[in-house]
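Place chain B on chain A using the hints.
Chains as they are written, first to last, in the numbering used here: chain A, 1 to 314; chain B, 1001 to 1259.
Mixed in with the good hints, there may be bad ones.
Sample of chain B residues at the chain A side, in silico, Cβ under 10 Å [what the hints assert, rightly or not]:
hint, residue
1, A1006
2, M1088
3, T1092
4, G1093
5, I1095
6, E1097
7, L1098
8, E1107
9, R1258
I should point out that these hints are in silico values taken from the structure, not numbers from a laboratory.
Cβ atoms here follow ideal geometry from the backbone N, Cα and C, with glycine treated the same way.
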Amino acid sequence: MPDPILDIRGLEKTYKGGVKALRGVDLAIKRGEIFALLGPNGAGKTTLIGAVCGMVRPTGGSIHAFGQDLAKYWKQVRRDIGLVPQELSFDMFDKVIRQVRYSRGMFGCPPDEARIEEVLRSLSLWDKRDAQIRALSGGMKRRVMIAKALAHDPQLLFLDEPTAGVDVELRRDMWRQIDALRERGTTIILTTHYIEEAEEMADRVGVINRGQILLVDEKDAIMAKLGRTEAHFTFDAPLAEVPASLSAYPVHLEQDGRLLVYRGGDGTGKGKREVAELAKLMTREGLAYTGLETCESTLEDIFVDLLKEPEVAA
Amino acid sequence: MIFNAAFNVRGAFAIFKNELMRMFRTIFGSILSPVITTSLYLVVFGAAIGSRMELPGGVDYGSFIVPGLLMLTLLSESTSNASFGIYMPKFTGAIYELLSAPVGVAETLIGFVGAAAVKSLILAAIIMGTAALIIDYQVVHPFLAFGYILLVAATFSLLGFIIGLWADGFEKLQIVPLLILMPLTFLGGTFYSIEMLPEPWRSVTLVNPVVYLVNGLRWTFLGQSDFPIWLSFGATLGFLLVCVAIIGWIFKTGWRLRE
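Only chain A is shown next, with the shape it has when bound in the complex (with noise of 0.2 Å):
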């Protein structure tokens, strides 16, 4: 990849009781992408962001940001980096606007009123600017984290599951958020639960499992390579066997002859136009199905069955 934003090379990390987190995790993001990194808990998502955020002191490998070495240059390379952590966590009895404005000066900024004020506008949070934090709501506590992260303008942001326990509205207004990023040109690194999430916002996807990247690809990508259509056509009366027309499609009987079952296509439609032309061919010739459903394999069958089979990624 020409001039990723951030560069790792097989990067470890084995805690103290010999848990073995990260085992050499290979991982390149493009400028300006949203990529999402999906896997179950303790997966290692965590330590991976803690490895490049600077709570987690890696064990071996290399992280690169900005094309420096963060080992070397985490002081400048740290300015550019943003964090929105799982938790929420803060000081609770201070204000909304001075935690934002602390986390501007921390991360080396001039004071700029005007885009502290940008920033709590975009996440609705003006209103609330001089609320002690403990007396906002769950969500807008979270809010505010995102706004802290955003006080230093960074141009490499992560979201440790930015979504969690949050309500679906809250959710689809995150979304809006992330887009708005990528409008001004943001890099997002998230970790999410919810393929859904993935599914609505990556540009690319990335799956971990024990420590290990499984897969890395265009989220199109995955679909077409991984995704599959599943068409049942039901029959009253069972059919002996597939019928000579249908044969150069991927299907096949089950339940004694009462389901011809479908299983084929890429995630890009051709599944579904198969379907189409099944379902044209069997009444042209007259074979009477009486049921029909259809459903494509989301990111999360897709997932789920990375999983179970790691020898599919390998």
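Here is chain B on its own, set in the frame of chain A:
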């Protein structure tokens, strides 16, 4: 983490300012209570009991205990403020921001320890003002007194910072100030001259470091004390350097800071 030359001035100032503001948010607890405590000590020991005490060198007891009381407050407040200051973000998880920010050991120390030391200086001024209202006392070497107070405030704020990093619960946060500093201060000649102690207690007292602190400050106030000033000054400075070295090691290894 390798030492990095790019000093983040704004970052250090932001932490410093935030810490001071946090302390002033609890202004009644943090400023009023030491003032009241000091006033009580002065009234009880200085005005009531003090008139019946006789000190070596014929020093007035009131002027004798002012530096002692000042030291008592300086030690406990510097330690507890600085330890609380760094322990709270650890407790709430807000330390993530400090770790992810471009701030190193120098910025963190200036921010946290600087703010705690400044607060101690403010307290010292208030206590000296309060004391002046209750009894007459003099400061023989005002500049040296200020310098010595500054040195002690900085040193024990550093100690507090270490305690705050070390503590993994509120109990541990209290142990050192309550179980070590407090007894050492009371036994360190706050209210009496160690000349007044019989042997062997007099010799035992000599291993108590607070004795040298109290006597150092007393020298700057009265122009005389149980020990030469260079000994007190040197011991305090030595302790400061030990604290700085420990904190440097903590940041280098990430002990209790980074996983």
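To test your reading of the hints: which numbers does this structure violate? Checked against the structure, no hint fails, so every one of them is satisfied.
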